[in-house]
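Residue numbering for the sequence shown follows our numbering, beginning at 45 and increasing consecutively.
Fair warning: there could be bad hints in the mix.
[Said to hold, decoys possible] Derived DSBU-like pairs: lysine-lysine, alpha-carbon spacing no greater than 35 Å straight-line:
1) K308 x K262
2) K345 x K245
3) K248 x K503
4) K443 x K510
5) K330 x K426
6) K402 x K499
7) K139 x K152
8) K152 x K262
9) K389 x K345
10) K499 x K233
11) K120 x K104
12) K402 x K389
13) K139 x K158
14) K157 x K299
15) K96 x K577
16) K584 x K457
17) K426 x K440
18) K458 x K584
19) K457 x K503
20) K587 x K500
21) K139 x K104
22) K262 x K185
23) K308 x K426
24) K499 x K443
[As the list claims (entries may be wrong)] Label-pair distances were calculated between CB atoms; the ranges are:
25) D346 x K503: 49 to 55 Å
26) L229 x S586: 42 to 48 Å
27) K440 x S219: 35 to 41 Å
28) K185 x N281: 25 to 31 Å
29) F473 x P335: 24 to 30 Å
30) N597 x L511: 55 to 61 Å
31) A349 x K577: 56 to 62 Å
32) N246 x D350: 29 to 35 Å
Simulated from the structure, these hints should not be mistaken for lab results.
Small disclaimer: the values here were computed from a predicted structure and weren't measured.
Glycine included, every Cβ here is placed at the ideal spot set by N, Cα and C.
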Amino acid sequence: MMEEDEYTFEEDLQSIKSIDLENADNFSKQLKKMVHKLKDNYHYPFDVNYAKNEYINCVKSLVVELKNHYQNFIDKKKLDKHNLCDDDEYEEFMKYLIENDDAYVVIKNTFRKKIVLLLDQKFKIKYSTWDNVECQNFIGKAYTYLIEEMHEALNSSFDGEIVFKKNKYHFKINSWYILEESYELGNLKVARNHYLELIGKNKKDPDAWLKYGIYLKKINDPERSLECCLESISLQNRHNLSLIYYGVLLMENDKHDEAEFFLKACVNFYPLKFENWMILYLFYAKINLSPEIDVTLKNAKDCIADENYKKMIFDDVIDEPFAWSTFQHHQQDQIHITITIFLLKLNLFMLADFALLKYLEQFGESISWIYFSAVSFYLQGKYSEALEKLQEAIIKHGKDYSIMSLMGHCLFKKNNLHEAIECYEFCNFIFDRPDDMHLVNLRLANCYVEFEQYKKAKKKFFDICKLTPTSASWLGLGSSCYHLGELIESEICLVEANLIDNCNPEIWGYLTLINISLDNYHEFLQCYRQTIKNNLDNNKLSKLIDEAIKNSNFQNTNIIYDYNDN
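All chains, full assembly: derive it from the sequences and hints.
What follows is the structure, encoded as structure tokens:
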């Protein structure tokens, strides 16, 4: 029997003929009976941001899913020890995913849907018109885009875990803090990778490009620093600090006409900022253009005397110095010293030294001039010259935190560790000192480690980790605990360090030693592989690992050396 909703063509035709088309209600009712009922389909989002968020959330969810599967895989391997090293671990894990409830297929299909959705919204291409070249270009472009978004999703996922831990502490441990620490400890590769990571996350942020340019200037790469400034200006053509920086870099290259154009643009765009007028004054003084010197200097003095001056400084972009300080030898009315500090923070040493010269001509060798001259020498790697100035400062002014901490850093750089310890210990005992003494205490603890005074080092690293925990401080505490035989405590510290920086070979190296001592074969193998992968260059630690492996009870150690050879 035919249902009420089903019609034959003849019945439809007869119904249409009998409908009073002038009666809208009758027509609507009949029309509803004729048309097919639509199913509730998936709501397709015609929005690239929504599709991107779906893709990112999918990546994060799949990471969690894969972590759970991998943990189950590891647990199974531990129970089945005779198969631990039969095949490549990656291939074993893939087999495990395929064999266990088709987890691999589910993950792949889920990911594929999100990729198709994102590509369809991101790249508007007529597929029917593709030729081979266009197809290949699209594949490369799409692949690069998907990988970049995946990396961003993964980085943000892991960053979230670390930020929660950092916020427990008194001082803010931001990206700049880690970058400055890496630079001061000589880990230039780590610092560079951190900056590239920041750029990757903030491609459209002019501040990020400028900060990378400032770092490149610090490591004597002015050409790439110029490129970063240009990128920053292209993103925001009135970005004050980028215009200043680009103008000064042009000035250093003797391109005076171009430099003047950018520096004058700063005072035109932002006429109330002291730094703009003062740098333009130094520029005219440098090229000896008399009429403009007096005008620009007067305007600079008027700006710094304004009650709104402090509201217009560049604190949102320029951080406080890490290896030197400003709280003892800086007076706001000394405009040449104020601009010197500003330029030193930007690593613009040529103009900073010229500002100090202009100050010397007017006021002579004050303690401020001596100290910031020493700072300039230190930042340029001229440690002997810096020490000479600091000795002058002690004779003229006496010892204080700023002078003795910088002296300790110079001695540390020259490997005079006994004298460096004396300076750093003085800084810890003096009353007038800042709350944040991270670099002073970190280097003091490293000196203790160098002389195998592990109990002293442990106490100092522990104090650092309570206030300003970084990868380096946790590593120092973990390594000190290891040398004192406190393996469990050492592992806790090293895991914490690894959460902050999972590419540090020394962290992996000490984790390798701990797992050898605890007879954890599988964990040892993983840690050792990461140690090799990240290129451990600490000879003392390498010898400890080699000796520990030779004295261990592990079997199949030839696999370890095969990995090393590869």
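Status of each hint after checking the structure:
Taking the CA atoms of K308 and K262, the gap is near 25 Å; set against the 35 Å cutoff, the hint holds. Using a Cα cut-off of 35 Å, the hinted pair K345 and K245 is violated, with the two alpha carbons roughly 39 Å apart. For a cut-off of 35 Å, the pair hint linking K248 to K503 is broken: about 43 Å separates their Cα positions. Taken as a hint, the K443 and K510 pair is honoured in the structure, with Cα atoms around 28 Å apart against an allowance of 35 Å.
Using a Cα cut-off of 35 Å, the hinted pair K330 and K426 holds, with the two alpha carbons roughly 24 Å apart. Distance hint between K402 and K499 is unfulfilled; the C-alpha atoms sit about 49 Å from each other, more than 35 Å. The straight-line distance between the Cα atoms of K139 and K152 is roughly 14 Å, inside the 35 Å bound, and the hint therefore holds. Taking the CA atoms of K152 and K262, the gap is about 45 Å. The hint is violated against a cut of 35 Å.
Proposed proximity of K389 and K345 is supported: the alpha carbons are some 21 Å apart, at most 35 Å. Straight-line distance between C-alpha atoms of K499 and K233 comes to about 30 Å, which keeps the hinted pair within the 35 Å bound. Taken as a hint, the K120 and K104 pair is honoured in the structure, with Cα atoms around 25 Å apart against an allowance of 35 Å. Under the criterion of a C-alpha separation no larger than 35 Å, the hint pairing K402 with K389 is consistent with the structure, at around 19 Å.
For the given pair, K139 sits about 24 Å from K158 by alpha-carbon distance, which is consistent with the 35 Å threshold. Only pairs whose Cα atoms come within 35 Å are accepted, and K157 paired with K299 is rejected, the gap being roughly 54 Å. A distance of roughly 32 Å separates the Cα atoms of K96 and K577; the hinted pair therefore holds under the 35 Å criterion. Taken as a hint, the K584 and K457 pair is honoured in the structure, with Cα atoms around 20 Å apart against an allowance of 35 Å.
Distance restraint check for K426 and K440: the Cα-Cα separation of roughly 22 Å lies within the 35 Å cut-off, and the hinted pair is therefore satisfied. Taken as a hint, the K458 and K584 pair is honoured in the structure, with Cα atoms around 20 Å apart against an allowance of 35 Å. A C-alpha spacing of about 23 Å is found between K457 and K503, which places the hinted pair at or below 35 Å, so the restraint holds. For the hint pairing K587 with K500, the CA-to-CA distance comes to about 24 Å; that is within 35 Å, so the pair holds.
For the hint pairing K139 with K104, the CA-to-CA distance comes to about 22 Å; that is within 35 Å, so the pair holds. Note on K262 and K185: the hinted pairing holds, with a Cα-Cα distance of about 34 Å set against a maximum of 35 Å. Our distance criterion of 35 Å between C-alpha atoms is met by K308 and K426, whose separation comes to about 33 Å. Taking the CA atoms of K499 and K443, the gap is near 28 Å; set against the 35 Å cutoff, the hint holds.
The hint said 49 to 55 Å for the Cβ distance between D346 and K503, and at roughly 52 Å that hint holds. Separation of L229 from S586 is about 19 Å and departs from the stated range, judged on CB atoms against 42 to 48 Å. Separated by about 38 Å at the C-beta atoms, K440 and S219 satisfy the suggested range of 35 to 41 Å. Here the CB-CB span from K185 to N281 is close to 28 Å, well matched to the stated 25 to 31 Å.
Here the CB-CB span from F473 to P335 is close to 54 Å, at odds with the stated 24 to 30 Å. In this structure, N597 and L511 break the distance hint of 55 to 61 Å, their C-beta atoms being roughly 41 Å apart. Taken as a hint, the range 56 to 62 Å holds for the pair A349 and K577, whose Cβ atoms sit roughly 58 Å apart. Hint check: N246 to D350, Cβ distance near 32 Å, so the stated range 29 to 35 Å holds.
In the structure shown, a violation is registered for the earlier hints numbered 2, 3, 6, 8, 14, 26, 29 and 30, in ascending order.
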